[in-house]
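Participant: What follows is the residue order along each chain.
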Amino acid sequence: MSHPNRAMLIQVSRIVRKQRTMLLFMLLPMAVLCRAEGAPAGDTGQTLIPTSANARQFLYQDGGQLYRAICQGCHMADGKGAQGAGAYPALAANPRLAAGLYAVNIVQNGKNGMPPVGRFLDDAQTAAVVNYVRSHFGNDYRDVLTAADVKQVAVRPRPGF
Amino acid sequence: MKNSTGISRRDLLAMIGKTAGAGAMYQAMTTLGFAAESGYQGTLKLDGAPKGKTILILGAGMAGLVAAYELRNAGYSVQVLEYNARAGGRSWTLRGGDTYTELGGATQHCEFDPGLYINPGPWRIPYHHHGVLDYCKRLGVALEPFVQVNYNAMLHSRSAYGGRPQRFRHVQADFHGHVAELLGKAVQSNRLDQSLTVEDAEKLLVALRQWGALDNNYRYTKSYASSNRRGFDVDPGGGTMPQIELSTPLDAHGLIDSGLWQHLAVGTEYDFQTSIFQPLGGMDMIARAFQRELGGLIRFNSKVNAIHQDERGVAVSYVDSKSGGSLQTAHADWCVCTLPLSILSQLPINVGPAMDAAIHDVPYDAAVKIGLQFKRRFWELDEQIYGGITYTDLPIERIGYPSTDFGKPGKGVLLGAYVFGANAYEFTSMAPQERVRQAVAFGTQIHPQYAKEFETGIAVGWHRVPWANGCYGMWSEDRRRAHYQNLCEIDGRIVLAGEHASYIPAWQEGAVLSALDAIQRLHAKIKTAPEPAKS
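Top line first, the protein sequences correspond to chains W and F.
So for the first sequence, our numbering puts the first residue at 1; every next one is plus one.
So for the second sequence, our numbering puts the first residue at 1; every next one is plus one.
Note that these hints are calculated values from the structure, not bench results.
Even for Gly, the Cβ is constructed at its ideal location relative to N, Cα and C.
Take these hints with a grain of salt, some might be off.
[To be verified] Here chain W is said to cover these stretches of chain F; the calculated rule only asks that three of the stretch's residues, wherever they fall, bring their Cβ under 8 Å from a Cβ of chain W:
| # | stretch |
| --- | --- |
| 1 | 399-413 |
| 2 | 476-487 |
[Claimed, not checked] Sample of chain F residues at the chain W side, in silico, Cβ under 8 Å:
| # | residue |
| --- | --- |
| 3 | 300 |
| 4 | 322 |
| 5 | 326 |
| 6 | 341 |
| 7 | 461 |
| 8 | 469 |
[As the list claims (entries may be wrong)] Which residues of chain W face chain F? A few of them, derived with a C-beta cut under 10 Å, are:
| # | residue |
| --- | --- |
| 9 | 54 |
| 10 | 89 |
| 11 | 90 |
| 12 | 142 |
Please construct the entire structure, taking both the sequences and the accompanying hints into account.
Facilitator: Have a look at this one:
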């Protein structure tokens, strides 16, 4: 007989998987609904509708969608960053992005006040959003990172949830 | 194996596992699990401040205000530089007439009616946050109860009960009742692993009956006992009114499957236990009281540019963030820097490598709050929800009902979203009016009245707040081990303070205790520091 804790964990992970699948199904009609309501005419299309994250995991796979769901909160829709009491650096035409794994490391582990947003992404999603940033906003790096590349970057222990 | 209630051991294990997991998740999500009893030692006594010493305080949030107030009282010559045109920092209240411009340039004009507000930052003060409570007392800030747990508020899941929200009292009474019945059966059939004496078993059965509102056969059924917890279909009345009608408990399987139990324990956590408070009229009443005490010591609209120290003192360059203009420099003998690390990490500051590494290695969490004004307080009028919080698995995560002005005619403002985790990033990434629109659209699934009653809203995503760049310092165990001590040390003439330099991240008490601890150590150092050579 397996250890009860292990049995419990397996059970819980099954439930979590089940819930994730259910969530996907539930979100589909909502996506249709919200799209039907639609963004106002003239909207730049920078806002993703609807909110489709659950608390722990982004559901988008597309790099552009992930950028608009996560990165543009700070780095802005045009990738140019922002300036207040402090600043968010521009990703647009940023020579540091020449090293793909540098960008992966920042997504996975954060930098300065930037939180490690990779904790809400799987490796393929992380690669997708890094590839997107490295090929948009005036960046033109042609090498495409894969989930396997992302795995090379050591992930530091992450804050709680 | 199924027993007579139809719940297998495996279901029970899973349920317990999920409960533990959810509890752990919530704790980690709010990242407030470090909380310990406040180290507050009562009114600070700083004796023997050397004459004529100057201290510059950066930031007029809770930490900066406490530091300024106490150091001024101790006899130091104090000046505070503050980026905003008001004191309080993240301890902030938005009211009608306020204007807020976020990073990216979007400006929101708060159109709430007079007397209505939201607190985009901290909104509650636990009874054991002795420091904050004592300052409220000393500065005459009136408090009122914050309703954390409301048995008549809702728990909601898109995938449970056809998406219909359930009353907290139903979920709690029925969850406890079913669990008590299961445990009772295990006790009665000696199926608990640990050995219980006969006497223990008897007492435990009595306890389970009481705790779970079980009947005489240790069953959780439709009964007076269970209705007395979950409420009646027809409440007891007077005179010739209809007789009471008992209510029917939710089925155990459906309830376990719903996941709604994951919200039951929140109010039992130390940080959220009753009694818990809020200042009358908005959280910024505390900052306003400090501001009143400090008079002209705070220089507002001052954007810090660089912080430099040498053997003789500290020089901080800043610009007037409103009028622009040329760089100015403030000089002092010592400096208490309370800027969030998300800001400080981007400014030049010459501290040692250990503190420097600490400043650059604390990520700031995302969080979003959205306030919504409605034409009438329908949550009270239609649904008898007076304060408290509804929890949902919709992206808005929570709806907070106002804990003040109960029953007041006219309009009301509720907190239409309070979001952490991945959802917070998405809300932050939206334009403010889109955040509000989404909050209304999602909230309508819980309160259909939204559609007709909504008037105006305001949304704050903390990563877009120009002077915060995030919600709070999100320490992890390894980062704390590597940096926390170094962050708190006095580096030459500079000491840091704020919630980020505490074990109570995100809470005002963390900022207060951090400031008190920092200035006591600074005061001790100043008293023994040799007089710098005059240049």
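Participant: Enumerate the violated hints, using their earlier numbering and listing them in ascending order.
Facilitator: 1, 3, 4, 5, 11, 12
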